[in-house]
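Participant: These are the residues of each chain, in order.
Protein chains: 2
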Amino acid sequence: MSERVNRQWRLVARPVGNFKDSDFEWREEPVQSPGDGQILVRNLYLSLDPTNRIWATDIESYLPPVGLGDVMRGGGIAVVEESNNEKFPKGAIVQGLTGWQDYLLTDGAGLSVMPVMPGVPLTAYLALFSHIGLTAYFGLLDVGKPQAGETLVVSGAAGATGSLVGQIGKIVGCRVVGIAGGAAKCRWLVEELGFDAAIDYKSENVSAKLKEHCPKGVDVYFENVGGEILDAVLAVINNKARIALCGMISQYNATTPVPGPYNLANLISRRARIEGFIVLDYMARSAECFTDLGKWLMAGKLKYRVDEVEGLENTPRAINKLFEGTNTGKLVVKISDL
Amino acid sequence: MSERVNRQWRLVARPVGNFKDSDFEWREEPVQSPGDGQILVRNLYLSLDPTNRIWATDIESYLPPVGLGDVMRGGGIAVVEESNNEKFPKGAIVQGLTGWQDYLLTDGAGLSVMPVMPGVPLTAYLALFSHIGLTAYFGLLDVGKPQAGETLVVSGAAGATGSLVGQIGKIVGCRVVGIAGGAAKCRWLVEELGFDAAIDYKSENVSAKLKEHCPKGVDVYFENVGGEILDAVLAVINNKARIALCGMISQYNATTPVPGPYNLANLISRRARIEGFIVLDYMARSAECFTDLGKWLMAGKLKYRVDEVEGLENTPRAINKLFEGTNTGKLVVKISDL
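Respectively, the protein sequence lines represent chains A and B.
According to this note's numbering, the residues represented by the first sequence are 1 to 338, in order.
According to this note's numbering, the residues represented by the second sequence are 1001 to 1338, in order.
Since the hints were derived computationally from the structure, they do not count as laboratory data.
The beta carbon of each residue, even a glycine, is placed where N, CA and C say it ideally should be.
Accuracy of the hints is not assured; some may be wrong.
[To be verified] What the simulated footprint calls covered on chain B by chain A, stretch by stretch (three residues with Cβ under 8 Å from a Cβ of chain A suffice, anywhere in the stretch; the number is not a length):
1. 1241–1249
2. 1267–1279
[As the list claims (entries may be wrong)] Derived DSS-like pairs (lysine-lysine); straight-line CA-CA distance at most 30 Å:
3. Lys145/A - Lys1145/B
4. Lys87/A - Lys295/A
5. Lys145/A - Lys1240/B
6. Lys1301/B - Lys1216/B
7. Lys170/A - Lys1240/B
Make a model of the complete structure from these sequences and hints.
Facilitator: Below is the structure:
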């Protein structure tokens, strides 16, 4: 046991643009045993999310920035290896901010034991029964407030969150149009997930295609991207439209300030709203969300895709897939077997 | 009677930047008598508003643009001179889109008879019991939703709408900080209207002064201006802040596209909202608003100032005071005596 090594990625520089290898330092440290009230957990999977990039930047956001020299912050799923805390029995599966490392020694703050369901793969607890599912569900239903018969547009539609948002939109009776990068992603949205239409922003004129695919205008827009796409949607919103502002991934890696949308004044003539939200505010309502998602999953109404990268050592390069748009579905890193 | 002349300003060119004299043509036409169901009204006052500039631009907004060659659209107060319509008796005072002219021949569509109160000057029906009062009242209370103890910031604070917004904010128990251009306007806000503080954007650092005057952050922002001021406020909003987007006067006269705020992503980490509104949506609730405004006026809690320009002929130049920021309070043009 004393030979166990905790491999870690520590953040040692503030990234400029995409993450670079030199922003991280690989460290190997001996694994300590838990003291009174502590547990030792072993990471099984890491969740890679756009918000990792925000956390690496030296700004106070909804969480403080990761300190230089600290293990990079990240969500994960882990198994309790040793426990001196009865709330986390040995063998339990936990989720929380386990970090970019093999092991975490902790008193359990911020971790929660997952009620693992038989037959459901562990990755479903990253892609669906997770902050991703909560973000899609509450961001769309609580902030976007879609009504049956309305038109919903979602950007980053082939991403982990966007792909769920569009499917939930279909479930509540909306016409759903996704915006994604590349023909393969767009085919997946329409042919497998049941979107009414998809727009390939890399090869198509987004403004023209929005008009074509949203003949009655846009009532709800779920925004993951920002920038020019937000501007294009603002130009075609209906009266009383709701824009749920989940993320603006087009800006996270920007090296110079990115101006906001030119069409913001359309919010006035359209009596429309842009509203930001943070998934942390909905944690207390997880059961409500996961019950619906589970029901829809069993009924075959909800699908998810996991983009799995193997090995902690590949984490710094894997995360840039989010910003290059080369992932489809939930991006995760497999760290170890259960 | 047949000698009466209807002097008019017709829009003959789309303005670039501020209005120029050459955007309008002065026309004098004989006044026609009303036919069946028609009335002839004589303008007493015109209301000059930032939205006039929007209407002159060739874009579909919440109203269609004024056609080239048409009498310039504008709100006004008029007296019924001749009537073949029992809903509008001779001598009644009406308000509505009477246009930049002496007389309007109409079936009365869009006009409403005003219940003129004794002792209340006619200009109060432009500055307070009007679209201005409705905009301030419902924009603040219905969209901004201020709570006692919260901090309210209002831009364009010495304008017709902004000056009411700040006073209503005080009435509902907010700390109120106004942003206006020039020391005289700022003194008026604090010394006469009871604002807690005012920031002179022409001579002070708005960001630094916002931090100083809003030590607990900003909960509600009533936006009349847009541009850099919106960005500065976005940087200091609190969680769950509400931005009521009334206007963006800094952009109406722009000759090149104006980028939106750089700090828009702050809406996410602050779970905050920007919401546009149009006063037309609140017309049906006028009574509710005017009852409160009247009560507050009588109680000395609400003051308004009228910036009165004399003569229809001066209208095209007078309206640019709004964009140059040289008006204080409600800008009106006196057309004729009652």
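Participant: Are the hints correct? Go through all of them and say.
Facilitator: We went through each hint and held it up to the structure:
no. : hint                  : verdict
1   : 1241–1249             : holds (count 4)
2   : 1267–1279             : holds (count 12)
3   : Lys145/A - Lys1145/B  : holds (19 Å)
4   : Lys87/A - Lys295/A    : holds (28 Å)
5   : Lys145/A - Lys1240/B  : holds (17 Å)
6   : Lys1301/B - Lys1216/B : holds (25 Å)
7   : Lys170/A - Lys1240/B  : holds (29 Å)
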